[in-house]
Amino acid sequence: DAGVIQSPRHEVTEMGQEVTLRCKPISGHDYLFWYRQTMMRGLELLIYFNNNVPIDDSGMPEDRFSAKMPNASFSTLKIQPSEPRDSAVYFCASSLVSSDTDTQYFGPGTRLTVL
Amino acid sequence: KNQVEQSPQSLIILEGKNCTLQCNYTVSPFSNLRWYKQDTGRGPVSLTIMTFSENTKSNGRYTATLDADTKQSSLHITASQLSDSASYICVVGSFQKLVFGTGTRLLVSP
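Chains as they are written, first to last, in our numbering: chain A, 1 to 115; chain B, 1001 to 1110.
Looking at chain A on its own, in the form it has when it is part of the complex (with noise of 0.2 Å):
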């Protein structure tokens, strides 16, 4: 399997513009999730799906963020209007269940810059 894919694999922007981070989970999982992680707090959880689902998105910072899952094989997190804040490293993982050993699996991430 080619694990969690993500695309771009850096992004920069203008602020003001709209940016769409796009993931491809591991076949076959049912839990997706998205994560951003700067240097100052680390990795933070956004969102999470199951079966497509929203299920958790009290992590999404402000209405700027929204994320969708229109299938079992991509999701994408979009941000409008960026802001140089939204600056960070944006991870999707996925998990085959729900359970509290389950692995999630990580993708490599996308490096977002907004000037």
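For the record, the hints were derived by calculation from the structure and aren't laboratory data.
Since we're looking at a predicted model, the values are computed, not measured.
All the pointers check out, no bait thrown in.
Lysine-lysine pairs mimicking BS3-like chemistry, simulated, CA-CA at most 30 Å apart:
hint, chain 1, residue 1, chain 2, residue 2
1, B, K1001, B, K1057
2, B, K1097, A, K68
3, A, K78, B, K1097
Output of the computed footprint for chain A on chain B, the stretches with three or more beta carbons under 8 Å from beta carbons of chain A:
hint, stretch
4, 1038-1052
5, 1098-1106
Pulled from the structure, derived: some chain B residues nowhere near chain A, Cβ distances all over 12 Å:
hint, residue
6, S1007
7, I1012
8, L1014
9, N1024
10, T1026
11, G1060
12, R1061
13, T1065
14, Q1072
15, S1080
16, S1085
17, P1110
Think of the CB as a built atom: it goes at the ideal place given N, C-alpha and C, for glycine as much as any other residue.
Fit chain B to the given chain A structure using the hints.
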């Protein structure tokens, strides 16, 4: 407030030496504690997962311990290798609500 604190923030050791990383947490509800390894420019990779009833778990040269009473965990790395240079992240909570520490950055020097 749910918190996971790791120490030290960074560490340099010589290749072949052992080291221990610390994790203290105040997280509720607690059902599992995980250690992740994150290489520069990559996503985290799971090393160990422990439930509250387990007090030690090994993965090759990595051994994690958990004391649920004192809310402390440690990750011991034996006979370090250059490839161990990475950030190590302690993660605590339940499946749906994990709280991440900010990590310990380890550099193994030849």
